[in-house]
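Read top to bottom, the protein sequences are chains L and C. As numbered in our numbering, residues 1 to 350 make up the first sequence, in order. As numbered in our numbering, residues 1 to 167 make up the second sequence, in order.
No lab work stands behind these hints, which were simulated from the structure alone. It cannot be assumed that every hint is accurate.
[Unchecked claim] Taking lysine-lysine and the DSBU-like style, the derived pairs with C-alpha atoms no more than 30 Å apart in a straight line are:
| id | chain 1 | residue 1 | chain 2 | residue 2 |
| --- | --- | --- | --- | --- |
| 1 | L | Lys-75 | L | Lys-22 |
| 2 | L | Lys-71 | L | Lys-158 |
| 3 | L | Lys-158 | C | Lys-22 |
| 4 | C | Lys-22 | L | Lys-330 |
| 5 | L | Lys-75 | L | Lys-60 |
| 6 | L | Lys-158 | C | Lys-164 |
| 7 | L | Lys-71 | L | Lys-60 |
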Amino acid sequence: MTPEVLTLSNTPLLYTVAMLAKIVVAFVVTLLIVAYATWCERKIIGRMQTRCGPTMTGPKGLLQPIADGLKLFFKEDIIPAEAHWLAFILAPMMILAPAFVAICVIPFGADFHFTYDGVLYAVPLQIADLNIGVLFILAMAGLGVYGIVLAGLASNSKYSLLGGIRSTAQMISYELAAGLSIIAVFMLAETLSMRGLVEAQMEPLWGVIDFLPNWYIFTQPLAFALFVVGSMAEVNRTPFDLPEAETELVSGFCTEYSSMKYALFFMAEYANMVTVSAIATTLFLGGWSGPLFGWMNFLIKVFAFMFFFIWVRATFPRLRYDQLMYLGWKIMLPLSLANIVVTGVAILLF
Amino acid sequence: MEAILFYLTALVAVVASFFVVKCRNPINSALCLVTNFICLAVLYVMLEAPFMAAIQIMVYAGAIMVLIIFVIMLLQLASVNKKAYTHGILGGGVLAALMLVLTNRFIAGGEATGTGGEITSEVIQSVGHTELIGRAMFTDFLLPFEIASILLLVAIIGAVILSKREI
Chain L
1 MTPEVLTLSN TPLLYTVAML AKIVVAFVVT LLIVAYATWC ERKIIGRMQT RCGPTMTGPK
61 GLLQPIADGL KLFFKEDIIP AEAHWLAFIL APMMILAPAF VAICVIPFGA DFHFTYDGVL
121 YAVPLQIADL NIGVLFILAM AGLGVYGIVL AGLASNSKYS LLGGIRSTAQ MISYELAAGL
181 SIIAVFMLAE TLSMRGLVEA QMEPLWGVID FLPNWYIFTQ PLAFALFVVG SMAEVNRTPF
241 DLPEAETELV SGFCTEYSSM KYALFFMAEY ANMVTVSAIA TTLFLGGWSG PLFGWMNFLI
301 KVFAFMFFFI WVRATFPRLR YDQLMYLGWK IMLPLSLANI VVTGVAILLF
Chain C
1 MEAILFYLTA LVAVVASFFV VKCRNPINSA LCLVTNFICL AVLYVMLEAP FMAAIQIMVY
61 AGAIMVLIIF VIMLLQLASV NKKAYTHGIL GGGVLAALML VLTNRFIAGG EATGTGGEIT
121 SEVIQSVGHT ELIGRAMFTD FLLPFEIASI LLLVAIIGAV ILSKREI
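Could you put together the complete structure from these sequences and hints?
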C-alpha cells in the first residue's frame with residue numbers, strides 16, 4: 001500500500017497538528033543545540049588549551065548555559081542616549097530571525113508513516129519543501145547581514161561602526177563564493193529542492209561503486225571546501241571574526257549591547273552555525289541517509305560539523321583584513337567559477 | 001484569505017516606498033527600500049513564482065547593503081541628512097506615473113507568454129517554475145537578457161572610472 005501524503009486538502013486537522021508539531025520540535029531542538037553548543041565550545045576549547053572549561057555549575061558544568069542565560073536576562077538593559085533606538089532594538093532580532101527561518105527548508109529525516117482511519121499517511125520530516133529550497137537559504141543568509149550592519153550603525157560608536165562595515169564587506173565577498181560553489185551541486189542534482197538533493201545522494205557513488213553513497217563531497221570536493229570556508233566567514237567564526245575582533249574592535253558591532261540583546265547576538269552566532277552545518281550536511285554529506293534512523297544520522301553529521309567549526313577556532317589565528325579580502329576575491333571566487341565550468345564540461349562529456 | 005494577505009502586503013509596500021522618498025536620513029530610506037522589496041517578494045510567492053521571490057531578496061538585499069556602505073563611506077555620517085528638494089521628487093513622480101501607464105499597456109497586451117504557450121498553474125506544477133523561467137530567458141527573451149548584461153557591463157566600467165579618476 002503506497003502511503004498518502006498528508007496535505008491541507010485531505011486532512012486539514014491532522015495536517016495542522018503535524019505542522020505545528022514539526023515547527024515546535026525543530027525550533028526547540030535548535031534552541032537546545034544552540035545552548036549546549038556554547039557549553040561544548042568552552043569544554044572542547046578548554047581541553048585543547050589544557051584547561052578544564054566550565055566545571056562548577058552542575059555536574060561537569062552542564063548547567064552553565066542556563067546560568068549564563070539567567071545572568072544575561074537579569075542584567076540591566078542599556079540603550080545609549082545617542083543611539084538610534086528603533087534600529088538598536090531591531091538589530092538583534094533581525095540577525096536571529098533569518099537564522100531560525102532558514103531551518104524550515106532543511107529535511108531532517110525520511111518520511112514518517114502512520115495509519116489513521118485505515119489510511120496510511122506519510123509526513124515528510126521537513127517543515128516546508130520549497131522547490132527552491134537552497135535559494136531560500138541564500139536569501140535568508142543575505143538578510144542576516146542587515147542585523148549586524150544595523151547594530152553597527154545604530155550604536156553610534158566608532159568600534160561598532162567599524163565592525164558593521166567590516167562585516168558587510170566580508171559577507172558580500174564570501175556570499176558570492178559560497179553561493180557559486182553550490183551551483184555546481186545543483187548542476188549535478190538537477191534540482192533546487194533540499195529533499196530532491198538528499199534523494200539524489202542516496203544512490204551508489206557515480207552509479208557504479210556500491211560501498212560508497214553518492215554524496216556530493218566525493219564528486220565535488222572543491223565546492224565543499226569553498227562552501228565550508230565561505231560559510232565560516234559568513235557566520236563570523238574565527239579565523240574570520242574580524243567584525244567582532246576583541247583585541248582591536250572591543251567586540252565590534254555588539255560593543256554597546258548588554259543584557260538580553262547581547263545574548264541574542266550570541267545565540268544568533270550559534271544558530272547560524274547550526275544552520276550552516278545543517279545545510280552543508282544536506283548538500284554534501286547526504287542529509288539523513290546513513291545506517292541509523294534518519295534524524296540520528298542527520299544530527300550526527302551536524303554535530304560533526306559543529307565540532308569542526310570549534311576545532312578550527314582553537315587552531316587558527318585571525319586573518320588580517322587585506323588577507324581576508326585577498327582570499328575572498330582572488331582565490332575563492334575564481335576557484336568557484338572554475339569549478340562551475342569544469343563541472344559543466346564534465347556533465348557534457350559523460 | 002489570499003485577498004487579505006495581498007492587501008496587507010500591498011499596504012506595507014506602498015507605505016514603505018512612500019517613506020523611501022520621505023525619510024531625511026538616507027539609511028532609513030535604504031531600510032524602507034528593503035522592506036518594500038521583501039513585500040514584493042511576498043507578492044511573487046503569491047503569484048506562484050517562488051524563484052523570483054528568492055532572487056528578489058538575494059539580489060536586492062546585497063545591492064542595498066552596498067548602497068548603505070556607500071552612504072556611510074561617501075557622505076560623512078554626521079551630515080547625511082538630505083535637504084528638502086521638491087523638484088526632484090516631482091520629476092520622479094511624473095516618471096513613475098509614466099512607467100505605470102507603460103507597464104499597464106504591456107500587461108493588458110499580454111505579449112509576454114512566449115512560444116511555450118500560456119503559462120497556467122498546471123504548467124507551473126508539471127514543468128517547474130525555475131525551468132520555465134530558464135527556458136523563456138534563454139529562448140524567447142535571449143536578446144533582452146543579453147542587453148541587460150551589456151547594461152551591467154556599462155555600470156561596472158562606470159564604477160571603475162568613477163573610483164579611479166586619476167588613471
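Going through the hints against the structure:
{"no.": "1", "hint": "L:Lys-75 x L:Lys-22", "in the structure": "violated (33 Å)"}
{"no.": "2", "hint": "L:Lys-71 x L:Lys-158", "in the structure": "holds (28 Å)"}
{"no.": "3", "hint": "L:Lys-158 x C:Lys-22", "in the structure": "holds (28 Å)"}
{"no.": "4", "hint": "C:Lys-22 x L:Lys-330", "in the structure": "violated (40 Å)"}
{"no.": "5", "hint": "L:Lys-75 x L:Lys-60", "in the structure": "holds (25 Å)"}
{"no.": "6", "hint": "L:Lys-158 x C:Lys-164", "in the structure": "holds (27 Å)"}
{"no.": "7", "hint": "L:Lys-71 x L:Lys-60", "in the structure": "holds (19 Å)"}
In terms of the numbered hints stated before, the structure departs from hints 1 and 4, listed from lowest to highest.
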